[in-house]
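*Asks:* Residue strings, one per chain:
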Amino acid sequence: MKLDYYGLGIAKGLMVTLKHLFRRPVTVQYPEQTLNTSRRIRGNELVWNEEKCTGCSTCAKACHIGAISIVTAPNPEGDKYPVEKYEIDTGYCIMCGMCVEVCPFEALYMGAGYEKAQYRRGDLVQSKEVMKYTSEKYVSGYFYPEFAAQLPLQTLLLEKITEEE
Amino acid sequence: MVMKTEPLVLNIGPAHPSTHGVFRMRATLDGEVIIDVEPIFGYLHRGIEKLAEERTYQQFIPLTDRLDYVSAMGNNMAYCMAVEKLAAIPVPERAEYIRVIMAELQRIASHLIAVGSFLNDCGAFMTPILYMVREREKIVDLFEMVSGQRLTYNYMRFGGLSQDVPDEFLPALRKFIDQMPRYLDEYDQLLKENEILLARTKGVGILSKETAINCSMTGPMLRGSGVPWDLRKADPYSVYSRFEFDIPCGARGDSYDRYRVRVEEMRQSVRIIRQAMEQLPVGPVRSKTPVMLIRPPAGEVYSHVESPKGELGFYLVSDGSIAPYRCHIRGPSFINLTALREMIVGWKVADAIVIFGSIDIVMGEVDR
Amino acid sequence: MVTFDLVFPAWQFKGLPPDWPGGFWWHFIVFSIIILAFVLTLVIMFIWFERRTLGRMQARMGPNRVGPFGLLQAMADAIKVMLKEDIVPNGADKLVHLLAPLVAFVPVLMVFAVMPFQDGAALVNLNIGVLYVMAVSSISTLGIFMAGWGSNNKYTLISAMRDVASVVSYEIPVVLSLAGIVLLAGSLSLNDIVRSQAQSVPFVLLQPLGFIVFFLGGMAEINRSPFDLLEADSEIVAGFHTEYSGMKFALFYLAEYAEALVLSTLVATFFLGGWGGPLLPPWLWLIVKSWAVFFVLVWIRATVPRVRIDQLMTFSWKFLFPLALLNLVVTAVEVVAWPEALPVLLIPVNIAVGAVLVILLSRNFKPGGSQVEA
Amino acid sequence: MDLVPTRRFVYSDADLDQHEGEVIEALKARSQQPIPDQDQWLSEKAPEAGILLTSVDKVIDWARSNALWSVVCFPACCAFEFISTAASRFDISRFGMEIIRASPRQADLMITAGTLTWKMAPNVRRIYDQMAEPKYVIAMGACGISGGIFQSSYGVVPGYSRIVPVDVYVPGCPPRPEALLYGIRMLQDKISKAKVFRK
Amino acid sequence: MTRAISGEELAAGLEQRIPGSIIGTSKESILVNNQSLLSLAAHLKTEPGLEFDFLSSITAVDYYDYFEVIYQLTSLEHNHSIVLKVRCHDRENPAIPSLVGLWRGAELQEQEIFDLMGIRFEGHPNMKRIVLWEGFQGHPQRRDFLSW
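Chains as they are written, first to last, in the working numbering: chain F, 95 to 259; chain L, 142 to 509; chain H, 19 to 392; chain B, 301 to 499; chain P, 36 to 183.
Hints may be right or wrong, so weigh each one.
What follows is a list of derived Cβ distance ranges for each label pair [as the list claims (entries may be wrong)]:
1. F:163 x B:330: 27 to 35 Å
2. H:51 x F:249: 50 to 58 Å
3. F:163 x B:319: 40 to 48 Å
4. B:319 x L:309: 54 to 62 Å
5. P:101 x F:198: 39 to 47 Å
6. F:163 x B:313: 44 to 52 Å
7. F:125 x B:333: 30 to 38 Å
8. F:165 x L:439: 35 to 43 Å
If you're looking for bench data, these hints aren't it; they were derived computationally from the structure.
For glycine and all other residues, C-beta sits at the position ideal for the given N, C-alpha and C.
Produce the entire structure from the sequences given, and follow the hints as far as they go.
*Replies:* Below is the structure:
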């Protein structure tokens, strides 16, 4: 500990921490306040559009851990196969968004919800009823700019601090 | 009088607060002085290289995120560049610029974590790392804006990017690079001249130039020892040859030099981003490539980038199928640990932690 | 504490032991309860205060959910820790392991026996108070060493060794720095020291060097950051209490903050005028002053990195020890040469002497420690 | 006085490595099935208890749920989201959780932030065993729940539930800090429903 | 820009100094005889004008018939690079001379290759498993290793 600066270096550091004592903290009080997430958020759920889905299973092929399990009827009805079972195991899913990216019929979207913690492992499997797309569902704009435009702008820490100073 | 002493074998890790994950050192102590140390790896060996062989080229991109998870964008870029070199896929100009911006932002974020945890290892109670993480949060916000995730971005694709940046990105980025130098100054004020920090890090863990080169050190480790070797200058990839920046170098190769090199590199990155923003062209961000499967011609390629930790190389062998025949990753963190023994032996336990922190490893890349 | 003045007006404690029925024992019991209440309440408040202040210094909130402003956070922690399973590790020296927390905590409580809360209001007004404080407060080192030795763990052992080394070397400058105070006050009794400060000025002005040495040395003895080597969680996990859980850990945790409280109150008593002060009741003055000292401790903890063990020793022997010695000599000369000198004269002289000595010494101060050839 | 260093160990380094390998293989053979979730009581109706016991229960549960100290067990990627959660912006300290004990003896909560490999598994089990009761585990992220993206790898444990019983599963890769905070709130709920004096 | 030295060009010079060392060449690599790897590498490291002082990466690839070990060499001074390749046809007990004596950077990488690919590097000071535990069956990076 060569006292090159006679303790002034430490004093400088002390001033920085003191300055922070009087600044407003940057904390978001989570359960009460929530951040606006990104418009392209890849939340812990998928949203599946039953009308558009043809049962082609491209999403399941693109998924590299097999988190999507899809069972369709053996015979097509019109130009699509009726989907009997569509499940995603969020315990496996890593939310890479590959399935959404490859879907040729624009029938699969990322969801925006992230509060999906469960007490039981089995509850993590999202069935097709849970995932079904409705117009009031909060859908992320990942690869869908038209959805993104409807979502609120993301809260940036950057702006919060600049406003203060 | 002859006193018999017996060395004490101390296991540092794998679950130890300052081994940056699950690294383990089997240290032999004489009092507080380390007389021998044996690094033990593998506590996070997830077999990524093997998994690459089981996946298509596209599907491997999310895995690269988890390689060096502090700099996911950099890994994305390195891997995509390797595949593009292999399959001769062109990349649009705008995509190249955005890639550079992302890589440099990621470098800042990674160095922030490196510096913060290094200072934390020196014993500053949480404060530096919390300040640094606060800065990192701003960068993470930007990444989340473009890719939708906070840590594993999965943003780059062969032949460009997955999506163009949103409209609100560039103003936010501008604001960020205007703010960043001011905050860096503040953090320098916090600890740069702190006598205790100087005493703890100056002259500690000296790595000589010759050893650094012989041990294949790269990144801030090599530059901290005074070798101005930076792949962005030495072997410019992407559009780096169009930017002006300096390569900060240390003089003695001690822990303090490495810390300063990282801080200076953050300033240089801000400089690069500023230039890239000025030159950013308009146009497409993704060339015509298949969304799901590509079949590069048989061959092999080695492509490297300057990741925040050092030279990150991807060695890909293709047999013409949809999956790589062999994918080897040259992880800089792993190879930077080669000289760990020389650097640590003879120092005290507390120094060992500081020296280890100054190497800045990420276990995901060490064990892969 | 609030009703202290109402229930036991100050006049009741004038002259010790008091002459009311039951005599000494009433006094003993009442003050023991007061000290326990004082220590426990203030320790819990200090823990809360430290966490909140640290939080704000680190740009965040700190505990604010449990109770108003998170005031009950420390209570929740205490209840939880006490109800946790109690583990004695395999191969531990059971008796030593069990006794260690008590040996560490009780002496810290004992220090308060001589602490004057107002003029003459102490459990005992020992006429060798300073000696007693220094002697008793170092016993808790034994507890820490017992914990380190008895836990059958290498990290705790290293930590215990560090603690013994640091306490042994810091005891000397600390005692020497107090000698200056004793010379000025002419008494070893804590109450007399405070009283003589009330008559002139707080000793921090007369003894700036002594203050610095005592404060830094005290920080090293109670292992506050930057001298918190024995709990260095980035190096040796949790230090000496790595293997402790449940109630025993709670005692260590309590002892750690009680030690901080001891240091704060001692600094307030020796250097900042103790209970002396206008307007507010004396015991409140003591609390306010110790709180201010504790704030500085927290502030330093939020800022600086930790020193290394050899640097810790060098700092004591090569920096604080000469400073304390020189300070003692200077004070002795002053006391002998100008026994009647006004504080007005001595304050600038002492501050100037202190500044010159600090600068000279820090110029020539080289921390030891470099790579050992293996 | 001369100091004579003696290098005499009971075990050589090679022996230690060999032993480690045996321990890993044994654990691997032992934990081929996940430990079932022990949460039947969550849906059970609470048995009637005396008023005294109930209020004691309440105080204890209040203390336990508000003072969760987590242990250092952060093998991989999720660690950085945990750091973000602990850092200024999301600030875990509001719940009194900023005390992250490096020593498992004093911790209550294990947040399994990251991929678990078989080589690391004995250590994690040991950390869990060293924690004092009551102890809780949050499986954070896909790797913690099921091995996630690495589940088909030769070295990876498919989920922490093979090694330790898990209380709350937080999906995501990695989960956002808010998601983790939500998981922690769920755990707090779970604790506050617990009956300390159960028949 | 790092100049990738053409294999043919380099091989011509090397063949005169160490005869019989080069088996084949390609545009950016030279394929080296197992026995003369050490002397050739030493030559590459010290020869003025070449001075490959930096070994960036070592890889091994399993081609079923043989293992190929690939060394990426760079010279920090002249900023040029070359790729060395060595083949090893023995599948049961493959062995290759270690380069740790020349470049210490090879130490951990060779150890890793031994662990994952099962190629023994002769002369390496610490040839044992590095990332996997003792007692792990097989070498996972080989093509015929099945993970499940």
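*Asks:* Hint by hint, note whether the structure agrees.
*Replies:* So, going through the hints one by one against the coordinates:
Under the hint 27 to 35 Å, the C-beta atoms of residue 163 of chain F and residue 330 of chain B, about 30 Å apart, fit the expected range. About 52 Å separates the C-beta atoms of residue 51 of chain H and residue 249 of chain F, a value consistent with the hinted range of 50 to 58 Å. Between residue 163 of chain F and residue 319 of chain B the Cβ separation comes to about 42 Å, which falls inside the hinted range of 40 to 48 Å. The supplied range of 54 to 62 Å is met by residue 319 of chain B and residue 309 of chain L, whose beta-carbon atoms lie about 57 Å from each other.
Look at residue 101 of chain P against residue 198 of chain F: about 43 Å separates their beta carbons, and that is inside 39 to 47 Å. At roughly 47 Å, the beta carbons of residue 163 of chain F and residue 313 of chain B sit within the given window of 44 to 52 Å. Between residue 125 of chain F and residue 333 of chain B the C-beta distance comes to about 36 Å, which sits within the given range of 30 to 38 Å. Here the CB-CB span from residue 165 of chain F to residue 439 of chain L is close to 38 Å, well matched to the stated 35 to 43 Å.
Of the numbered hints stated above, none is contradicted by the structure.
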